[in-house]
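*Asks:* Okay, here's what each chain looks like letter by letter:
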Amino acid sequence: MAEDKQLMIGVHDVSMRFRMEEDHSGSLKETFTKLFSGGLKFKDFYALHDVSFDVYKGDVLGIIGRNGAGKSTILKIISGIMKPTKGDVERHGNIVPMLELGSGFDMDLSGRENIFLNGAILGYEKKFLYEKYDEILDFSELHEFIDMPLRNYSSGMIMRLAFSIATVVEPEILIVDEILAVGDENFQRKSRKRMMELMGGGTTVLFVSHDMNQIREMCNRVVWLDGGTVRLQGPMQEICDQYKL
Amino acid sequence: MTKVDLKGIRKYTLLVYALIVLLLTVGAWERFTEISLGGLNFIFVYFGIVLIVLGLILLYFFSALKKDAEGKSIFGMQFMQTIHRYRFLIEQLVSRDFKVKYKRSVLGVFWSFLNPLLMMIVQYIVFSHLLGIRGNVEHYAIYLLCGIVMWNGFNDCSTQSMRSITSNAALITKVYVPKYIYPLTKVFSASINILLSMIPLLLVTFVYGLFSTPHLYISKAVLLLPFGLVFMIVFCMGMGFFLSSLMVFFHDIEFLWGFVSTLWMYATPIIYSLSMFEEKAAWLVKLMQFNPLYHYISFVRTIILEGTSPAFSEYGICILFSAGIFTIGFLMFKKVQDKFILYL
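So the protein lines, in turn, are chains A and B.
FYI, our numbering numbers position 229 of the first sequence as 229, with every residue one higher than the one before it.
For our numbering, count along the second sequence from 1 and bump the result up by 1000.
In short, the hints are calculated from the structure, not lab data.
Predicted, not measured: the structure shown is a model, and the values here were computed from it.
Certain hints may be false.
Interface residues of chain B toward chain A, partial, derived using beta-carbon atoms under 7 Å [said to hold, decoys possible]:
1. Leu1089
2. Gln1092
3. Val1094
4. Tyr1102
5. Lys1103
6. Val1106
7. Phe1110
8. Ala1170
9. Lys1174
10. Val1175
11. Asp1338
12. Ile1341
Listed next, the in silico PhoX-like pairs over lysine-lysine satisfying Cα-Cα at most 25 Å (straight line) [to be verified]:
13. B/Lys1339 <-> A/Lys86
14. A/Lys43 <-> B/Lys1099
15. B/Lys1334 <-> A/Lys86
16. B/Lys1101 <-> A/Lys126
17. A/Lys83 <-> A/Lys57
18. A/Lys83 <-> B/Lys1334
19. B/Lys1335 <-> A/Lys86
20. A/Lys83 <-> B/Lys1335
21. B/Lys1007 <-> A/Lys127
22. A/Lys126 <-> B/Lys1335
23. A/Lys127 <-> B/Lys1335
24. A/Lys190 <-> A/Lys132
25. B/Lys1334 <-> A/Lys127
For each residue, glycine too, the CB sits at the ideal point set by N, CA and C.
Using the sequences plus the hints, can you model the full thing?
*Replies:* Spelled out as structure tokens, the structure:
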């Protein structure tokens, strides 16, 4: 199938260097005094080092590796939040990052107002949001609370609202940091089902998880990051069999 | 992503241009007629310029449409594309700021009117009656109110936008949005307050003018007020870019700015008049020419207190300051914005 080979994301030789000041001062005075006394020292730390991989249309790519291997950093670079020190990322199609749900919520606004605010932050269009408003509300099951300010919500309710907003789109590229199962048992089942629908619906998915069962269940390709470099990449079965911490 | 509707933008650009020309022509008509260039009335030159600019706008959109049809992009297209794409977000962020600001107060938006009024009453009593600073200023109450309203607007804009990046840290590290949107929206939402505070200013001027001797009337020059405000708002955007990017690296800026802005306030003729220093310290008057806020405030004062358009050189100076600070601020912001995430 020719369509399968359509490049969605191309990561080319991406390196990410963090400069760690020996002790992060963050104050003008300290920086200046250190600058003059020559005490401003940096320690370079490479979170990613020459990482390259391609993602094609319809792929569900799992990214695995131990803590600090650079999984979250590569997701942030692909979603454009961070700019790599070296290398570049090619993107074809709209990306919806589900890195942390509800980070744009404002506690003083009502649920209704937050649906529009958060939707706008995720890059939805006005018309689209008005059309999908009922669908979001139905999925979140928050009908009677929707005009209350968010600060009166329980944390489970906030997560339900956030999940409902984030998954109402069918994005071309979905970036997920750990599978999201939120709320009570009933809602967890519902949200898991919704995630599966999204992933199964021809969407290209980038997916970070520590749960190897989930990786085996959903991914067709896997990238194994280790210490900021690609240790191995290839078809799911092959990599998963070799993967051990 | 939907495509930019160039024809729609052309319509809006032309409408805005027509409005600008209309306001300027009606508001500053006397100024135009009093200048003559070698026997030729300036008004002809003015209409010539208006037509030439109109031609340039039409030409730009003509070539933009042509290039667009060929699939190429033209200078400014990318900018329009981002604005178009993030228009809804900007709208939402501005309305969030505005709603949150007054959400938990009983009087709500009314505070935008009440605040400058209360401030004016206090300062009027202190400076005029207790300290006797009014000097030889006619209509001192209105003189003071103009200054306070403009200064508060500037102070609000710059302080809000200074915090825009650090206070949105949670968002910036999670979702990609062009970062300049944050200081811009803060300036927009603070600007709504500036616009709202024009209402009590004009209202007080109207009532005061009826009872004062000599009377003070609001003339048609008031149509020029938007120019002064826009100049200052653009200046605030530049300051916002500058301060918010500095703030990411040095949190001290927040405290430093509190001091600098107070200093700046006293260095600007808000409560006092520059005419008090004309003999005592002429250098101060000269130095004041480099204070952008002095120009914005006197722009508004000329309109309200003298009922005429400011001299055209004042427009030039204001535009120069606004464009200059905006450009410097934006370039600096652009240069360091990729590093924000490492420091948030």
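*Asks:* So, for every hint listed, does it hold in this structure?
*Replies:* Results for each hint:
1. Among the interface hints, the one on B/Leu1089 holds; its C-beta lies about 4 Å from the nearest C-beta in chain A, closer than the 7 Å criterion.
2. Annotation: interface hint on B/Gln1092 holds; nearest CB of chain A at approximately 4 Å, less than 7 Å.
3. With a cut of 7 Å, the hint placing B/Val1094 at the interface with chain A is violated, because the nearest CB-to-CB distance is about 11 Å.
4. At about 10 Å, the closest approach between the beta carbon of B/Tyr1102 and any beta carbon in chain A exceeds 7 Å, and the interface hint on this residue is violated.
5. Interface restraint check for B/Lys1103: the shortest CB-CB distance to chain A comes to about 5 Å, inside 7 Å, so the restraint holds.
6. Evaluation of the B/Val1106 hint against chain A yields a violated restraint, the C-beta minimum of about 15 Å exceeding 7 Å.
7. For B/Phe1110, the interface hint is violated, since its Cβ never comes within 7 Å of a Cβ in chain A; the closest pair sits about 19 Å apart.
8. At about 5 Å, the closest approach between the beta carbon of B/Ala1170 and any beta carbon in chain A falls short of 7 Å, and the interface hint on this residue holds.
9. Nearest Cβ of chain A to the Cβ of B/Lys1174: about 4 Å, under the 7 Å cut. The hint holds.
10. For B/Val1175, the interface hint holds, since its Cβ comes within 7 Å of a Cβ in chain A; the closest pair sits about 6 Å apart.
11. The restraint placing B/Asp1338 at the interface with chain A holds, with a minimum CB-CB distance near 4 Å, inside the 7 Å limit.
12. At its closest, the beta carbon of B/Ile1341 sits 5 Å from a beta carbon of chain A; the interface hint therefore holds under the 7 Å criterion.
13. Using a Cα cut-off of 25 Å, the hinted pair B/Lys1339 and A/Lys86 holds, with the two alpha carbons roughly 14 Å apart.
14. For the hint pairing A/Lys43 with B/Lys1099, the CA-to-CA distance comes to about 44 Å; that exceeds 25 Å, so the pair is violated.
15. The suggested pairing of B/Lys1334 with A/Lys86 holds, with an alpha-carbon distance near 18 Å, which does not exceed 25 Å.
16. A threshold of 25 Å between alpha carbons decides the hint, and for B/Lys1101 with A/Lys126 the separation of about 23 Å falls inside it, so the pair holds.
17. The straight-line distance between the Cα atoms of A/Lys83 and A/Lys57 is roughly 24 Å, inside the 25 Å bound, and the hint therefore holds.
18. Among the hinted pairs, A/Lys83 with B/Lys1334 is consistent with the structure: their alpha-carbon atoms are about 13 Å apart, no more than 25 Å.
19. With a CA separation close to 17 Å, the supplied pair B/Lys1335 and A/Lys86 stays within the 25 Å bound.
20. Only pairs whose Cα atoms come within 25 Å are accepted, and A/Lys83 paired with B/Lys1335 is accepted, the gap being roughly 13 Å.
21. With a C-alpha separation of about 20 Å, the suggested pairing of B/Lys1007 with A/Lys127 holds against the 25 Å cut-off.
22. For the hint pairing A/Lys126 with B/Lys1335, the CA-to-CA distance comes to about 31 Å; that exceeds 25 Å, so the pair is violated.
23. In summary, the hint linking A/Lys127 to B/Lys1335 is not supported, as the alpha carbons are separated by about 34 Å, beyond the 25 Å threshold.
24. Restraint check for A/Lys190 and A/Lys132: satisfied, since their Cα atoms lie roughly 18 Å apart, inside the 25 Å limit.
25. The straight-line distance between the Cα atoms of B/Lys1334 and A/Lys127 is roughly 31 Å, outside the 25 Å bound, and the hint therefore fails.
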